[in-house]
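Trainee: Sequence:
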Amino acid sequence: MNMERLVQKDKAQFVREMFAEIAPRYDLLNRLMTFGQDVRWRNEVIQRAAMPARGKLLDLGSGTGNLAFEALEMCSACFSLAADFTIPMMRVGRRRQQVQGGRDDQLAWSAADAQLLPYASGAFDAVVSAFLVRNLTDVDESLREQFRVLKEGGRVVILDTTPPPDRFYAPVLRFHLHTVIPILGKVIAGNSDAYTYLPDSTEHFLAPEKLANKMLLAGFHEVAFRRLMFGTVAIHWGEK
0 MNMERLVQKD
10 KAQFVREMFA
20 EIAPRYDLLN
30 RLMTFGQDVR
40 WRNEVIQRAA
50 MPARGKLLDL
60 GSGTGNLAFE
70 ALEMCSACFS
80 LAADFTIPMM
90 RVGRRRQQVQ
100 GGRDDQLAWS
110 AADAQLLPYA
120 SGAFDAVVSA
130 FLVRNLTDVD
140 ESLREQFRVL
150 KEGGRVVILD
160 TTPPPDRFYA
170 PVLRFHLHTV
180 IPILGKVIAG
190 NSDAYTYLPD
200 STEHFLAPEK
210 LANKMLLAGF
220 HEVAFRRLMF
230 GTVAIHWGEK
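Note that numbering that gives the first Met the number 0 has the sequence shown beginning at 0, numbered continuously upward.
Please note that a few of the clues may not be correct.
[What the hints assert, rightly or not] Listed below are the simulated DMTMM-like cross-link pairs for lysine to aspartate or glutamate, each with C-alpha atoms no more than 20 Å apart in a straight line:
1. K209 x D139
2. K55 x E72
3. K213 x E202
4. K209 x E140
5. K213 x D139
6. K209 x D199
7. K55 x D103
8. K150 x D165
9. K10 x D112
10. K150 x E140
Treat the hints as calculated values from the structure; they're not laboratory data.
A quick note: this is a predicted structure, and the numbers were derived from the prediction, not measured.
Model the full structure from these sequences, guided by the hints.
Mentor: This is the structure in structure tokens:
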């Protein structure tokens with residue numbers, strides 16, 4: 000799916016339908032596309048969230064709830080709310096919770112739009128996300144909403160892809176993005192369009208410095224970021 004074609008189609012609807020279709024294989028493909036590194040990245044996200052004991056965490060654009068589950072692994076007395084606008088993704092996570100015997104008073108699921116959150120101001124100690132922001136139609140509005148629902152002193156942590164750097168290994172990265180990933184998507188998920196869109200959305204997303212600046216404009220302070228995987232992924236964080 001070429002990015003220009005999304006101009007002709009509502010992006011939010013496209014993203015919802017795409018993730019609904021690939022939901023059963025999404026986690027497996029993440030492991031394969033990142034060579035298993037996404038597990039370590041999510042661990043770092045939760046560490047940087049610095050949750051207090053019995054704190055409340057919002058996993059925004061949660062998909063199957065990987066960050067929400069990770070938070071409870073690291074903070075057993077905390078509460079995680081997994082929020083997404085793609086119901087089939089959350090159903091996959093909900094089944095995982097039932098299989099693992101997870102408690103509903105520690106992990107709940109919520110249908111929500113990341114640009115218009117249905118939660119009270121100051122409701123959460125941390126807001127985290129993984130591979131959400133590049134799919135948004137209005138990044139600034141979502142950052143303002145994340146700032147609003149955070150408590151004073153709360154932290155936001157964002158894991159997402161970034162445009163590949165123009166380095167000597169750029170051809171290898173482009174081959175992985177535009178050849179290897181679509182092939183994996185077609186073979187494993189049966190959807191090459193989705194896994195053509197994902198690399199395209201990476202290359203057209205904000206550079207890490209620009210996303211950091213948007214976080215500052217939304218009101219966050221102590222904003223910083225760290226590049227990962229040859230500069231194709233970054234973790235951003237900030238405080239309210």
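Trainee: Could you run down the list of hints and mark each one as holding or not?
Mentor: How the hints compare with the structure:
At most 20 Å may separate the alpha-carbon atoms for a hinted pair to count; K209 and D139 meet this at roughly 11 Å. Pair hint K55 plus E72 holds up; C-alpha atoms about 14 Å apart against a cutoff of 20 Å. Note on K213 and E202: the hinted pairing holds, with a Cα-Cα distance of about 18 Å set against a maximum of 20 Å. At most 20 Å may separate the alpha-carbon atoms for a hinted pair to count; K209 and E140 meet this at roughly 15 Å.
For the hint linking K213 to D139, the alpha-carbon distance of about 7 Å falls within 20 Å, and the restraint holds. With a C-alpha separation of about 18 Å, the suggested pair K209 and D199 falls inside the 20 Å cut-off, and the hint holds. With a C-alpha separation of about 14 Å, the suggested pair K55 and D103 falls inside the 20 Å cut-off, and the hint holds. Proximity of K150 to D165 is assessed by CA-CA distance (about 39 Å); at most 20 Å being required, the pair is judged violated.
For the suggested pair K10 and D112, the alpha carbons sit about 13 Å apart, so the restraint of at most 20 Å is met. Straight-line distance between C-alpha atoms of K150 and E140 comes to about 18 Å, which keeps the hinted pair within the 20 Å bound.
Hint check: a violation occurs at hint 8 only; the rest are consistent with the structure.
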